[in-house]
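Residue numbers (the working numbering), protein chains in the order written: chain X, 520 to 755; chain A, 591 to 833; chain S, 14 to 281; chain E, 14 to 281; chain G, 12 to 270.
Each statement offered as a hint is correct.
Only pairs whose alpha carbons sit at most 30 Å apart, straight line, appear in this in silico DSS-like list of lysine-lysine: (1) K87/E - K168/G; (2) K718/X - K599/X; (3) K160/S - K275/E; (4) K562/X - K599/X; (5) K160/E - K274/S.
Hints were generated in silico from the structure; no laboratory data involved.
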Amino acid sequence: ASAETVRVGVAAEPYPPFTEPDASGNWTGWEIEFMNAVCAEAKLDCVVTPVAWDGIIPALTSNKIDAIIGSMSITEERMKTIDFSDKYYNTPSVIATAKDSGITPDAAGLADKIIGVQVSTIHQDYVTTHFGDAVAEIKEYQTQDEANQDLAAGRVDAIMADSLALDAFVKSDTCCEIVGAVEDDPAILGAGVGVGLRKGDDALREKFNTAIATIRENGTYAEFSKAYFDFDIYGK
Amino acid sequence: MIEWVAGLAAWELLALEPPGWGGVLLKGLAVSLQVAVGGYVLGFLIGIGGAAGKLYGGPILRDILDVYTTLVRAVPELVLILLLYYAGTDALNQFMALIGAEPMDISGLAAGIFVIGVVQGAYQTEVLRGAFKAVPHGQIEAARAYGMTSFQVLRRITLPGMLPHAVPGLANLWLIATKDTALLAVVGVAELTLVTRQAGGTTKSYFLFFFAAGLLYLMVTLISNVGIRRIERYARRGMPAVR
Amino acid sequence: MSSLQSGSSASSNETPPAVDIDGLHKWFGDLEVLKGVSLSAQNGDVVAIIGGSGSGKSTMLRCVNMLELPTKGKISIQGETISMKPDGRGGLQPANAAQLRRIRTRLAMVFQSFNLWQHMTVLGNIIEAPVQVMGVKRDDAIARAEKLLDRVGLSDKRDVYPSFLSGGQQQRAAIARALAVEPDVMLFDEPTSALDPELVGEVLAVIADLAREGRTMLLVTHEMKFAREVANQVVFLADGVIAEQGPPETIYSAPKSERLKKFLATVQ
Amino acid sequence: MSSLQSGSSASSNETPPAVDIDGLHKWFGDLEVLKGVSLSAQNGDVVAIIGGSGSGKSTMLRCVNMLELPTKGKISIQGETISMKPDGRGGLQPANAAQLRRIRTRLAMVFQSFNLWQHMTVLGNIIEAPVQVMGVKRDDAIARAEKLLDRVGLSDKRDVYPSFLSGGQQQRAAIARALAVEPDVMLFDEPTSALDPELVGEVLAVIADLAREGRTMLLVTHEMKFAREVANQVVFLADGVIAEQGPPETIYSAPKSERLKKFLATVQ
Amino acid sequence: MGPELRSWKEPHRLVLLAIGVGIIIFAAVYMRWDWLPRYSGRLVEGVGTTLWLLFLTSALGFLFAVPLGLAQAAGPVWLSAPARMFCTVIRGTPLLLQLWLLYYGLGSLFAFWPEIRQSWAWPYLRSAWPYGVLALTMSFAAYEGEVMRGAFAGVPKGELEAGRAYGMSPFTVFRRIWLPRAIHRALPTLAGETVLQLKATPLVATITVVDVYAIISRVRQDTYLTYEPLLLLALIYMMLTGVLVLAFRWLEARVPVKG
Ligand SMILES: Nc1ncnc2c1ncn2[C@@H]1O[C@H](COP(=O)(O)OP(=O)(O)OP(=O)(O)O)[C@@H](O)[C@H]1O
Ligand SMILES: Nc1ncnc2c1ncn2[C@@H]1O[C@H](COP(=O)(O)OP(=O)(O)OP(=O)(O)O)[C@@H](O)[C@H]1O
Ligand SMILES: [Mg+2]
Ligand SMILES: [Mg+2]
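This is chain X alone, in the form it adopts within the complex (with noise of 0.2 Å):
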């Protein structure tokens, strides 16, 4: 019908298993059938948008898109440029290894390893505060996929990262293992992962505001998970 346009801005690199395009264009994940389950519940008219990381703020900022699906952790410095809505998915940091490695996740259990982790992510933050004095060497990586190529290579000793991320990649390559969650940190981690919408946009981030919290109810954010996790995503 008549449903007011918003396009919505994706990471143009794929991030598995939240969104990636297939080899005909379309886009597909987890993320993407959330952006679908809560536009129609907000009777928005929603179209993905391919944006590189790199751009997506200002893109964002100078209207070339309306919103952001993209994974992206709500924190206090984002909030500063743009604004977020209630999150929508939480998941756990953990700590993986090399099989056998004996590495426990804590600072005593890292001390003098070389430490890899994603850049500009809330695993960094974490790793500098926590673990910055002990380890011999942070090493940052554009993606999570190249930290977990090194780490295989042998080049880190340890990588932390979203235990989904890291599930996947165990499952996949036998040379590692998760070795367990970090202690929490609320106020580095985060409150999860919100959509991120053009500072005082207020109208639209109450629509979704709305809709993320009726899905939430009415089972459909239950159901178009299922066949992604085998746990409730949202986290606590």
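Using the hints, position chains A, S, E and G with the ligands against chain X.
For chains A, S, E and G with the ligands alone, coordinates are given in the frame of chain X:
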């Protein structure tokens, strides 16, 4: 090791029809080439004008051109494209709103060609300036002495005379242009590098796709080289080979 | 010998001189090469310019068609003064590019270092100015160029690029290039330096022909014999000024200044 | 005049000739420029090579130091034959690079087009070979270069780059560069083409001095008067062969061939 | 003489200067710079890394470029063919791909061959910078090799002949005449290529080398500011480029050319 080789040889992923990614790669290549050609040609026009201005222009023109080549060459292309595409269209639309016109939507492709052209223009200005300087002065004097206009001197004497000195530099810039198109990913243009990353990220067959993209780029280069060598042979006519 | 002296040098007051140089000064940085040179040549005059190496002969010739910009002075071609304006650094610069271009099409120059265009064949060099500047049809230009090539004995090198020519062949190509534009005034900078005596004789004949057609020539040369035979006026340049000037007989047989006497001593 | 003819041209059988050219052939593509040239010069000989433009004089001179590779023939310098081997395309190439280099250090050449190094000043051009090839100390080389500059009258252009010199100044710089290596054999390709009569006289004196020191010279020239005064042997090159050869008197006063007679006609 | 020797006081220069100052004032007043102090230390380190990479790889790259150019311009086939192939392949594929294939390609081999971790070379194989230096050096060598090929071929033949005629060994001719003439001829292009190399260094951030670009991206993703960090980056690169350009100008002006 075997797995490593096996990962490389997952040829079916390169099939032209989905679920193979071959078609996507080729489409990306076509977009890259489109941007490269557009940007390069624009850059060449700017370069000729810029070099001529730097060599024969007045002090004001020379200074402005100096600022242009220094700034544009200094500022990373990524910054330029972000500034021109986002800040630029923003400003343009605010201006349009001010005069009461409809907001314009500039396509990422057009902006990309423009930015690559502006960047190439700065580099080509310098390459061409060097080449112009390599033309023996006497040949230009002779042309002037016969009453040729500045434009005729340029077209008939200086351009062909400097060509042998300019071809290697210009060839480099062309090859750079074909690869600089990767920057357009920032504004969402699906060119070869971006679709390669997408294919790799989705299928996890990074090496397969990076090799494939490498081969595509290499093919463009090899075909270009045939043309470049031909131009160069033509340009060097009349010059004895050095031993 | 000097069969050409009966030319039009007895100028009437009505027709303006073909070339008129008035109070020409030229500085290169701190070096004053020309210190006020004045010279005028009537239609059909052949003026030989002689003088020591580095005395400014080439510079003077190059000032006539503004390849070297005078620091001070006035140049007129057939009564039309090339308009100049100060360049803000104590020198002059052309004020009217179109006028300068128009005047240059009536001048032709043979350079001391030939300056052939390296990316064109001999034929290409010769037809370039007629086709591009004068708008002569290509075929006509080629036909004419072939006659000229024949005249300078270079027909077999028609399609050769200049860097594969011997010195004398390059010089002859340069002469043919200058002849091809059929200029009113020709500026020759040592046009026979790379030629053997036989060819010098031929160039001499060409120049005599041209003078007979009423064309004016300024010609720098080191070959006194050549100057004597071809010129009806000889100018001796020394220390940046015209030290002596006159018809060849007087210059050669009765030099006035010590400087010229010494200069000519070795030739006698 | 010909004061030099009493040199060492009366060669004894023991001392080998300074330069010996034997059956030299040179093709450029389809063009046979030299068709079997043989020539030998004793120590202290001054051989003038004359001939029409394009007759192959420069080519012959350039073959002596292997800048142009002969298609056939043998070159010996002071009894040492430059060893050559077939290049697989019907021509020859040097077989022993070190030997060629050693021989070249004993030769010096003044090029028809000067070929001064554009990125060095006049002084830099002159001291380059002594310092880099002969291992002369830089200061000594400079001291010597200054003397030479003085001799050719170019002291004031010491620190100027070649492209800012007049034609004659470039030629003099090239001559000074050649003299600086104190070679046994000098190859001059029209060394006075850009010089005025006064300077020609001076170069003549320099060459006479050199001959007196026992240096050998091959010299291409178009100035018959110069050839006559300075040479003790004149070689006339025509149609790719040496058409006539002998002491200047006989060559100039009693030319045998029609060709040479015609060639000299204009000079007499 | 050259434009840089003319006075700053010419009116149009004052205008340009005023525009520049205006932009800086605008940026300082209307944009957010509060993050600057927090990152200043790391920025300085990053600039250091960038410069170190730039100088090392362009110097090494140029050393390789000279033989590459020479081999192609005048070498025998068995030298020129491989040189040409090297240049073609390197110039024909994106630097990012090469960097990737080197770093992660080799890395994926290590995963199958753990014994290598005991070898003496492991500390180097393990670090990222050797791969960055290698890739950047090869890239500069290939691009510059191509430029030098043209420059070598463009030196007037007569000047080389003059060198040979004086008995200079091929190496002396090369060192004293051919190379300086070629370099002088290639300088404007060389300057451009060096600036390009400066802007290629950020790619090493993808293999965990922390240069100034990596720091700036860090700032961008930490603060989510769009333009400010990029403007600072532009300013830093502009200053570095300015220094490079001036240095090359100075080199160029050392041999005056007529015209
Ligand atoms: N590199 C070359 N390739 C082809 N032909 C050449 C080359 N060099 C010279 N020639 C030809 O060889 C012939 C002889 O040339 P050369 O330079 O030896 O003549 P020259 O006797 O020195 O004449 P000049 O007195 O005019 O200098 C000429 O016809 C010339 O065109
Ligand atoms: N572009 C220049 N810059 C500086 N000095 C120059 C320039 N051109 C010529 N000169 C100097 O001006 C003087 C005159 O040069 P010019 O070429 O006019 O001499 P010339 O009389 O033609 O000599 P030649 O007979 O040797 O050719 C010389 O001392 C020369 O060094
Ligand atoms: Mg002169
Ligand atoms: Mg010759």
